[in-house]
Every structure is written in structure tokens, then in C-alpha cells.
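Read top to bottom, the protein sequences are chains G and Y.
Start counting at 1 in the first sequence, then tack on 449, and there's your number in this note's numbering.
Residue 252 in this note's numbering is what sits at position 268 of the second sequence, and the numbering runs on without skipping anything.
Treat each hint with caution, since some may be false.
Claimed, not checked - Here are the in silico distance ranges between beta carbons for each label pair:
#1 G:L591 - Y:Q113: 22 to 32 Å
#2 Y:L153 - G:F600: 32 to 42 Å
#3 G:G610 - Y:I39: 53 to 63 Å
#4 Y:Y146 - G:V474: 15 to 25 Å
#5 G:M450 - Y:R300: 25 to 35 Å
#6 Y:F15 - G:L608: 31 to 41 Å
#7 G:P557 - Y:K246: 34 to 44 Å
#8 G:L608 - Y:W23: 45 to 55 Å
#9 Y:W23 - G:G610: 49 to 59 Å
#10 G:E598 - Y:I199: 20 to 30 Å
#11 Y:N65 - G:I463: 30 to 40 Å
#12 G:M450 - Y:Y54: 44 to 54 Å
#13 G:N478 - Y:Y48: 35 to 45 Å
#14 Y:Y54 - G:P557: 53 to 63 Å
Everything labelled a hint here was simulated from the structure, so no lab data went into it.
Nothing here was measured: the structure is a model prediction, and the numbers come from that model.
For every residue, glycine included, the Cβ atom is placed at its ideal position computed from N, Cα and C.
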Amino acid sequence: MAIYFILGIAIFIIAICIYYYNRFVILENRIKNSTAQIDVQLKKRGDLVPSLVKIVKGYAKHERKIMENVTMARSLLLRTKGINEKIKAGDQLQNALKSVFAIAENYPQLKANENYLHLQTELSAIEDKIAYARQYYNDAVLFLENASEKFPGVLFFRLYGRKKKDYLKISEETKKVPEIDL
Amino acid sequence: MEKIKTKIRISFYDQISKNKLKSFFLMFIIFLIFLLLGWVIGSSIGSEYFTLIMIIAVLFSTSYLFIMYYSSSKIALASVNAKPAKRENYPQYHNSVEGLCLASGLPKPKLYIMENDQINAFASGRNPQNSIICITTGTFKKLEKSEIEGILAHELSHIASYDIRFMTLVAVMVGMISIISQIFLRSLWFSSFSSGRNRNNSQAIFMIIGIVFAILAPITVFIIQLAISRKREYAADASAVKFIRSPTGLIKALKKINFESKHLKLKEEFKNKKVINKAIAPLFFSDPFRKKMNRKKDNLFATHPPIRKRIQVLERM
């Protein structure tokens, strides 16, 4: 009789070990996936920059500094590795783009250009998507944090030697207000 | 002196879990009624007849379940003559849904559009991988981006919570109870003409209880089913806020829908009845058959909560 009891407990313990191991795998993979999603959007943003620069240069021939800023920010983004650095570079690029949209206000013909409007809409949509992707990333980190701190998950978390991930913070770049030379 | 209303803030996480819990509880009640009905009827007519009734009920219900499970989306879309929404024609529609899918971690559903002047939308599909969202042309004409996003987030929440699958299960259980009750009552009617079998006293008592149950059960579980539908609607509103992290767009959309229904002309209402099949009305964002009379009271027979209450709850988030 006792043997069945012990067998039952053993199976239960094994099942619970597997459950928590898989849980952490799933939650960590979710975080990895959301990192990749942010990366996809950042790349899309970078890809649209050359077309935007070309169109704006056609109308605003003298705004050289701002266009250079944008191009430089884009190359920085392409060169950067690691998600936190990439997000920082992406925010820098977004800041530079904001300046471009600001100066476009002075060129009504540019504002009426269909291609420009299309690019502006796309870039705006990408900005929204990056915000949502970051939100999801932080949600995923929260899930992992909860699972790794609640009882009895906390025991297994330490047992399996897992590490917690950090939240994405608002970078200094986005907090800065873009300078506009009037 | 101005009255300062202190609103107690509620979190969308709590709203979601509270309403889901209530809906599971109500479904459990339906299941209990099902068991009770089965026991009472079984005790009154003997096990052979009862088994026969159960087999018929299970056959009907399982085939309904299979059909709904695999093609509920196709049926719903065909009944409103929906067309796929191409990206070139509806870039904002696609961009909004893609953003919300990023926020929710869901795969992107297939997007459709239906010709209708009312502001409305519905979602269908047995799981997120096989889901669709359909929105009316009227919505794009009358609402701005944040409001449309609110509605789309609400529909996406239905998909994320497996609401379609859940409500189908509830409908099947309610259907089974109706079938069993109907067969039982009809069989009594016919058997009263044949030379009666000898029934003992306890069977007679169960017979009476059984008749009462068989009459009351279907309407009771139907009311419960509608209550469940309303709870899932509240949960979907709260989940939408979870995705967008702001209730503003959804509140503005609901206010516009409320305003629209106040001024709904009679001929538009009639047009709706022709276009939208009553069977899929529960899937919609707001009751497409709302009449002016029903708006004020908390209707027992409504598939959706009153718009006023939905706005109230959202404003506290």
C-alpha cells in the first residue's frame, strides 16, 4: 500500500518540476519573441528613411543639417546590436524624424506630395506599433517576474538558475524635446 | 458649490477576472440544471426512454457543435455579405489591428468589411489562429482613429478570451436542455393517448416535477445564457483597455453609438432587420437591434449590457 503512495508522490513531484520548467521556458521565449518584434519595427523605420530623405531634399534643399542628422541616426541604428542599444538608437532616429516633419510644415508643396504623406502615415503607424511592442515586452517581463517570485515558483526559479529580465525604460532620447532652428 | 464626485478607480485586470469568473459560475449553473433535469425526467419515465432521449439530444448537439466549431466564421461572414478588406483600401484598419496584435501577442486575424451605415463590428473563430474580424463601412465614416481602435481592441479581446468557443458551448448546453425538455413533453402528450403503462406513486410525483422543470428549464437557461453573454461583453471591454492602456477611445466610440441609436430612423432599423440575421446578433459589438424602449432598463433579454453602463464602467478605469 505504501509503495503506491510513494509512487504517487514521486509522480506528482516530477510533474510539478516539468510544469515549472516549461512555464519558465514559455515566458522567457515570449520575452525573446517580443524583442524580435520590436526589432522588426525598428528595421522598418530605418528602411523608410532613405525614401523620406530623397523626397524632402527635393523640396527643402537648404535644410542640410537636419537631413544629415536623420541619415546619421539611421546608420547608427543599422550598426547597433543588442536590444536596449537598438531601442535607444531607434528613439534617436525618431527624434531626428520629428525635426524633419516639423520643417516640412514650412513647405506646403512637400506637405501635399502624395509619397510624402504616405511615408508620414507609415512612420506614424510604426511609431504606434513600437509603442505596443514595448508594452507587450514589459507585460511579458512582468509575467516572468510574477512567476519567478510567487510561491512555489520561486523555489524552482532558483533551482533552474534562471535570470530575471529588465523592463524597458523610456530612454533619455525620447525625453528630450527636439530642437527646431527657426 | 460644485459637487465633487469621487470615483473609485477599478483596474481592468480585476474587471476581466471578475467577469470571467461570473461567466464560468453561470455556466456551471446551467450544467447543474442540465443534471437536475436529467435526473427528474429519468426518474419519471424510466431508464430506457430516458436513454433514448439523451442519445437524440447528444446527436443533435454534437453535430451542431461540429458545424459551429469549424465554420462559424464562414457562416457569419456569408450572412452579412462581408468582403475581405484589402490593405490598399484600408491601411488604417490593417495598421491598427497589427498594432493591437503586437500589444496582445495574438496572431493577426483575417480582416473583413461589411456594407452597413451603423457603427458596428464582430469577431468570430474557434481560436486565435483561425479568427476573423468584420467591421462596418459606417464605422470608418463616422469614427476617428482612436475610437475605431477601441472597437477593434474589443473584438480582438473576444478572440483572445476564446469567447466564441465559450458561447458556442453554452449555446450547445442550452440547446440540449431545450431538446430534452421538448422531447419529454411531446412524448408525454403522445403517451397519454396510448393505453397507459402502470405508474407507481413516486414516478407520478417525478412526472409532475419533470413537467414543471421541462417547461421552466429552457427559458431559465436561456436567460442565464444571455447573462453570460453580457458578462463576457464587460470582460471584452476591460481587455480592450488592457491592450490600449486607455479607455478614452472606447468611451468615445460607445457615446457615438449611443447618440446614433437615439436618432436611428425607422427605415434604417428596418433595413438592419433584413441584412443582419438574428442568430449572429450576439457576436456584434453593440446590439444591432437596439430599440429606443430597451435602452434605459437593464434588459434580461439583452445579449449586450446597456451602453450607458458600459460607459460608466469604462470611465472608472
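These are the hints, each one checked on the structure:
no. : hint                        : verdict
1   : G:L591 - Y:Q113: 22 to 32 Å : 25 Å, holds
2   : Y:L153 - G:F600: 32 to 42 Å : 33 Å, holds
3   : G:G610 - Y:I39: 53 to 63 Å  : 56 Å, holds
4   : Y:Y146 - G:V474: 15 to 25 Å : 23 Å, holds
5   : G:M450 - Y:R300: 25 to 35 Å : 57 Å, violated
6   : Y:F15 - G:L608: 31 to 41 Å  : 40 Å, holds
7   : G:P557 - Y:K246: 34 to 44 Å : 41 Å, holds
8   : G:L608 - Y:W23: 45 to 55 Å  : 49 Å, holds
9   : Y:W23 - G:G610: 49 to 59 Å  : 54 Å, holds
10  : G:E598 - Y:I199: 20 to 30 Å : 54 Å, violated
11  : Y:N65 - G:I463: 30 to 40 Å  : 55 Å, violated
12  : G:M450 - Y:Y54: 44 to 54 Å  : 48 Å, holds
13  : G:N478 - Y:Y48: 35 to 45 Å  : 38 Å, holds
14  : Y:Y54 - G:P557: 53 to 63 Å  : 55 Å, holds
In summary, the structure is inconsistent with hints 5, 10 and 11 from the numbered list given earlier, while agreeing with the others.
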